[in-house]
Amino acid sequence: MKTVFARPESMKSTPMHYCSGCGHGIVHRLIAEVIDELGIRERTVCVAPVGCAVTAYNYFNFDVCEAPHGRTPCVATGIKRVHPGNLVFSYQGDGDLAAIGTAEIIHSANRGELITAIFVNNGTYGMTGGQMAPTTLLKQKTATTHMGRDAKLAGYPIKISEMLAVTPGSAYIVRGSVHSPKNILKAKRYIRTAFQTQLDGLGFSLVEVLSSCPVNWRITPTQSNRYIDEVVTKEYPLGIIKDVSKPADAT
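Numbers given in the numbering used here equal positions in the sequence shown, counted from 1, plus 25.
Since the hints were derived computationally from the structure, they do not count as laboratory data. Remember, predicted model here, so these are calculated numbers, not experimental data. Even for Gly, the Cβ is constructed at its ideal location relative to N, Cα and C. Keep in mind that the hints are not guaranteed to be accurate.
As the list claims (entries may be wrong) - Capping the alpha-carbon separation at 25 Å, the derived lysine-lysine pairs in DSS-like fashion look like this:
1) Lys-271 <-> Lys-184
2) Lys-207 <-> Lys-271
3) Lys-267 <-> Lys-164
4) Lys-164 <-> Lys-177
As the list claims (entries may be wrong) - Distance ranges between label pairs, derived from CB positions:
5) Thr-127 <-> Lys-177: 20 to 26 Å
6) Gly-103 <-> Arg-32: 27 to 33 Å
7) Leu-163 <-> Gly-137: 46 to 52 Å
8) Ser-45 <-> Pro-109: 55 to 61 Å
9) Asp-175 <-> Arg-136: 17 to 23 Å
Please work from the sequences and hints to get the whole structure.
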């Protein structure tokens, strides 16, 4: 019988610690599938964050190292400059990338570092109890905003991808999601293009992936996916934000 679905070589056969309904496991698999398809497992390096994906090295079957909180792009930059022939990517949540690591990601993009950032945005600090994150929506309730996020007190949700797209060094900036099969397939295409952008030496690339956090959102996984579709994507529209390989007027 022909095998049509199997575990990618770039993933270890290890049970994941992520909560039910979390999107991290899906994103991990998409990355692993793309690396296998590109045939670059032996020269791939991931830099893991501080946050829910802090133990990503347990799941990826290629080199993974840790970085201090928010400094993931800096470590990735150093590895890429020393080993320019490798594919190097950071894997970060909204706390690691959009809060403590804001300066690092902005300057990495502006310098046009030949690295890729996989940015998983679930709008909350999942690991530490569901506190408000820079990407938390207005009126969204968290462990630190029981009445909902108030713009007068906490400002507005930060659209990291749109911010990075204006830097001259950024080459490929997209926002996908893993809340439905259709969007999962599209997110995989985004990841593959981002990695190819790096391999082609075009500049910095980032794939933002909208993901659910049912435990801290205090709703079911099914409701979480519906919430992304009906609410989150209105604040964070899906699609290609910048692609230097295509003309500015290309659709």
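Here's how the hints hold up against the structure:
1. Lys-271 <-> Lys-184: holds, 23 Å
2. Lys-207 <-> Lys-271: Judged against 25 Å, a Cα distance of about 23 Å means the pair holds.
3. Lys-267 <-> Lys-164: violated, 29 Å
4. Lys-164 <-> Lys-177: holds, 11 Å
5. Thr-127 <-> Lys-177: 20 to 26 Å: holds, 21 Å
6. Gly-103 <-> Arg-32: 27 to 33 Å: Cβ of Gly-103 to Cβ of Arg-32: about 31 Å, so the range 27 to 33 Å holds.
7. Leu-163 <-> Gly-137: 46 to 52 Å: With Cβ atoms ~33 Å apart, the hint is violated.
8. Ser-45 <-> Pro-109: 55 to 61 Å: Violated, at about 40 Å.
9. Asp-175 <-> Arg-136: 17 to 23 Å: violated, 35 Å
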